[in-house]
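Visitor: Chains A and B, in that order, are what the protein sequence lines are.
The letter at position 195 of the first sequence is residue 195 when you use our numbering, and the numbering goes up by one with no holes.
The letter at position 126 of the second sequence is residue 1126 when you use our numbering, and the numbering goes up by one with no holes.
For the record, the hints were derived by calculation from the structure and aren't laboratory data.
Remember, predicted model here, so these are calculated numbers, not experimental data.
Treat each hint with caution, since some may be false.
Rough simulated footprint, nothing fancy, chain A against chain B, three-plus residues with beta-carbon under 8 Å [said to hold, decoys possible]:
hint : segment
1    : 1027-1033
2    : 1049-1062
3    : 1071-1081
4    : 1109-1119
The beta-carbon is built from N, C-alpha and C at its ideal position, and this holds for glycine as well.
Listed below are the residues making up each chain.
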Amino acid sequence: MRNRLKEEIVISGVGCSRFGDLLETPGLKGLSLQEVTANAVREALDDAGLSGQDLDAVYVGNAMVHSSQLPGTYSQLSKWIGAELKSGVHFDAQCSTTNVGAALAAMSIASGVYDTVLVVGFETTRTKVKGFSPYEREALQHKETWLWTDMAVNQAYGVPQGYDIFSTYNGLVALGYCRKYGLSIEDYDKGMFELCRTRRLHGSMNPKANIQQTMEDKASELGFSSSYEMWQSDEVNPFVAWPSRLMSLVTIADGASAMVLTRADIARANKSQPVQLKGFGISYRDLPWYDEDPTLWDFDRRSATQAMEMADIKATDINYLHTHDCSHISGICTAEMIGYLPSGKGLAAARDGELRYDGKRPMSTHGGRHAFGHAWAASAGSDTYEAVLQMRGMAGKRQIPKRPEISVIHTHGYAMIGTTIVLGGV
Amino acid sequence: MDTTVTSTSQSAIELYYKGLEEGKLKARRCKDCGEHTFPPTGCCAHCGGWSLDWVDLSGKGTLLFATHNISPACHPRFEPIAPYVYGHICLDEGIIVQAIVQGVKATPEDLNQLFQRGQTPVEADILRMDDLPVLAFRIIR
């Protein structure tokens, strides 16, 4: 594998909806999935100074077709985004979809076939089509969401024999981390609290986040004397996979994201501030995702190594990092593996405020999967959206004081495809 | 290029679950590299070879870590037993598996006790759900 792009590729436009619930969240409520997606596309196209007719190809991803009921999205969305008669494909890499799409787009452009490609991801994990209605939706039951989502996981042996995401992704990894670094369960729990507090702080400063309430405000609303008292409440924050609690996990959401990729020389003539896609790496594995050590995921190491080698960067070059934090402890393990945080010190870094937008090692400033929320195929695009805003200095109240020059975004697509992209050089 | 159509018509998946019904852990062993593929497929997970033997595993191993899951379970099959304990296990053959662990309560207290105890010997103890036998383990006291 030569692992290099033959041409300089940039992201010239990004767009993202608010993440939430199509039945109740302001900004989403009342809209169809087609319109929510088209709005994210419109933002990305406007940002790039283009229309749908300027595109050569459209790569659209959606993981859970059971709730969206929109397969063949290239044609079903084409009139909503003004991109009929273009090349297109419906694809998925589950929760890595949009960033895998960015990699596919970069390869399409660097090969010399296309000049400009739109990548789109959308998902509904909170709502589904009501009956046969073309516009009405209804709430999706928790069990349905996971039954359908887990169809991306080993259906021969894993899921039929009791696999679930909470045990494998959270509890076992947490215990491996505590054992490896001699961390007590109590200190682990406090570290998880601090990490969640940081994520919710970021969410409170992001008008597109699903949860915009800090831990402190939530605790006060519920009558707790402190946010840590609320954290330890079995009623509000039960163990879902001991020793991992509910608030260390993903918050499901409906949402959409989009990005425009093009050749750097073309983007320079446009109005937007392009960000270079300097590198990417993709590696997958079936269950079990790790060997004896639950903190060491080899496919993640491979994806990060490929991306950083393609981009010719070292860990010390990274100014902003997002790691997939469907499971907060897994996200910390990935950040330590990449070298952004010292091994075994990730929770201490959270406790010391280093992971905040204004800390030494800022991470997931949009709020991450817990506060920003998780709309499977749209989420990687939301991470890239946030990194581009940070690099342009457009992240508002949560802006990292010194604009990041190099950003790395890592995502997990169920189950599992580790995807890492490196952005740089505005 | 081999263009013949094989006469075998039984799925490796079906053979595995039929094996569990008889208390056997059916695996494949690669004729080229000697490594096990478990649960079984038609291809060696290690070297990509297609020449495989069927073998039975010992069913003995070491429980490395154990956590629990949510209730109601993510899959309807396991609603009657949720929340249950789920373990990270290294079989004596060196194969890592994750499976339900029986005989331990899914409470923070019991799981903490197990964690403090450290690595623990286990053996396969097939769990018979309504529609499917399921690989599970039990701690050897």
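Visitor: Taking the hints in turn, state whether each one holds.
Guide: For each hint, the structure was consulted:
With 0 residues having a beta carbon nearer than 8 Å to a beta carbon of chain A, the segment 1027-1033 of chain B misses the requirement of three or more and the stated coverage is violated. Only residues whose beta carbon comes within less than 8 Å of a beta carbon in chain A count, and the segment 1049-1062 of chain B has 0; fewer than three means the coverage is violated. Counting residues of the segment 1071-1081 of chain B whose CB falls under 8 Å from any CB of chain A gives 7; the rule of at least 3 is met. Taking a C-beta to C-beta cut-off of 8 Å, the segment 1109-1119 of chain B contributes 3 residues in contact with chain A, enough for the three needed, and the coverage statement holds.
Comparing the model with each numbered hint stated earlier shows that hints 1, 2 do not hold.
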